[in-house]
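Make the full structure from the sequences, and use the hints.
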Amino acid sequence: MGEKILIADDEKDILSFLKDSLLEENYVVMEASNGEEAIQKAKSQPDLILLDIMMPHKDGLEVCREIRNMVHCPIIFLTAKETEQDKIQGFAAGGDDFVTKPFSIIELKARIKAHLRREKRKASQGKSRLIFDDLIIDLTEKTVYCKNQPVLFTKKEFHIIELLSMHCGQVFSKEQIYEKIWGYDAVGDASGIAEHIKKIRQKLTAAGVVKNHIATVWGVGYRWEKI
Numbered sequence: 001m002g003e004k005i006l007i008a009d010d011e012k013d014i015l016s017f018l019k020d021s022l023l024e025e026n027y028v029v030m031e032a033s034n035g036e037e038a039i040q041k042a043k044s045q046p047d048l049i050l051l052d053i054m055m056p057h058k059d060g061l062e063v064c065r066e067i068r069n070m071v072h073c074p075i076i077f078l079t080a081k082e083t084e085q086d087k088i089q090g091f092a093a094g095g096d097d098f099v100t101k102p103f104s105i106i107e108l109k110a111r112i113k114a115h116l117r118r119e120k121r122k123a124s125q126g127k128s129r130l131i132f133d134d135l136i137i138d139l140t141e142k143t144v145y146c147k148n149q150p151v152l153f154t155k156k157e158f159h160i161i162e163l164l165s166m167h168c169g170q171v172f173s174k175e176q177i178y179e180k181i182w183g184y185d186a187v188g189d190a191s192g193i194a195e196h197i198k199k200i201r202q203k204l205t206a207a208g209v210v211k212n213h214i215a216t217v218w219g220v221g222y223r224w225e226k227i
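So for the sequence shown, UniProt numbering puts the first residue at 1; every next one is plus one.
The hints are simulated quantities; they were obtained by calculation from the structure and are not laboratory data.
On a predicted model such as this, the values are computed, not experimentally measured, just so you know.
Honestly, I wouldn't trust all of these hints.
Heads up, simulated BS3-like pairs for lysine-lysine below, C-alpha to C-alpha not over 25 Å straight-line [said to hold, decoys possible]:
hint, residue 1, residue 2
1, K12, K113
2, K81, K101
3, K19, K109
4, K174, K87
5, K4, K147
6, K211, K155
7, K142, K199
8, K120, K81
9, K101, K142
Written out as structure tokens, the structure reads:
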């Protein structure tokens, strides 16, 4: 049985077309026609979600924010518009990629496969933990602990922590962070990285982490510090 993909879109023609196209690739397909239904279907832990931004009841951004701490799979936004502000909001909500309507089904399938391959590579990595005083980063569980209590991060937030902490002291520019986490084949830019860093810092502080492990190197980027 293939990977499980949730498609959330209120346009019946697009929903049907995407379902048929993905069934041809032997994926298991679930459907949702509005935001509330998408949230309920996401509880079944799909391997990837195609999420339309403009939907009734709750739009794709609201849905993404609500499910991001519940699911860790890639989320690809389907959108009729793709401005820089849309991308910033989408990445901040926890999205991984954008595909603009009308889209090429061949390109969309390629993006889906690329994201799923990336997830398999990450899952195959050996068990390891990074420890910084009271802060523990479990690379296998994809979880951060402060004083043995889990701190909830979105998938992208955790991958930023993972990248920086595994290369302690090394400075990464916003562009490097974006390319390493979103991938070279992603459509977008690094403009949302600062917002992700801000949220990571806020969550760590709220969890009781006193030290600021993510240092800003002005004009260059960010680095992880043991302190």
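Are K211 and K155 close enough, with their CA atoms no more than 25 Å apart? Measuring from Cα to Cα gives roughly 22 Å; hence the hint holds.
Are K81 and K101 close enough, with their CA atoms no more than 25 Å apart? 8 Å, holds
For a C-alpha distance cap of 25 Å, please report whether K19 and K109 respect it. 12 Å, holds
Measure nothing beyond the straight line between the CA atoms of K12 and K113; if it is 25 Å or shorter, mark the hint as holding. 24 Å, holds
Keeping to a limit of 25 Å between CA atoms, is the pair of K4 and K147 held or broken? 35 Å, violated
Is the hinted pair K120 and K81 satisfied, with a Cα-Cα distance of at most 25 Å? 30 Å, violated
Going straight from one Cα to the other, do K174 and K87 come out at no more than 25 Å? 15 Å, holds
Is the hinted pair K101 and K142 satisfied, with a Cα-Cα distance of at most 25 Å? 32 Å, violated
If you draw a straight line from the CA of K142 to the CA of K199, is it 25 Å or shorter? Roughly 17 Å between the alpha carbons, so the hint for K142 and K199 holds.
Of the numbered hints listed earlier, those contradicted by the structure are 5, 8 and 9.
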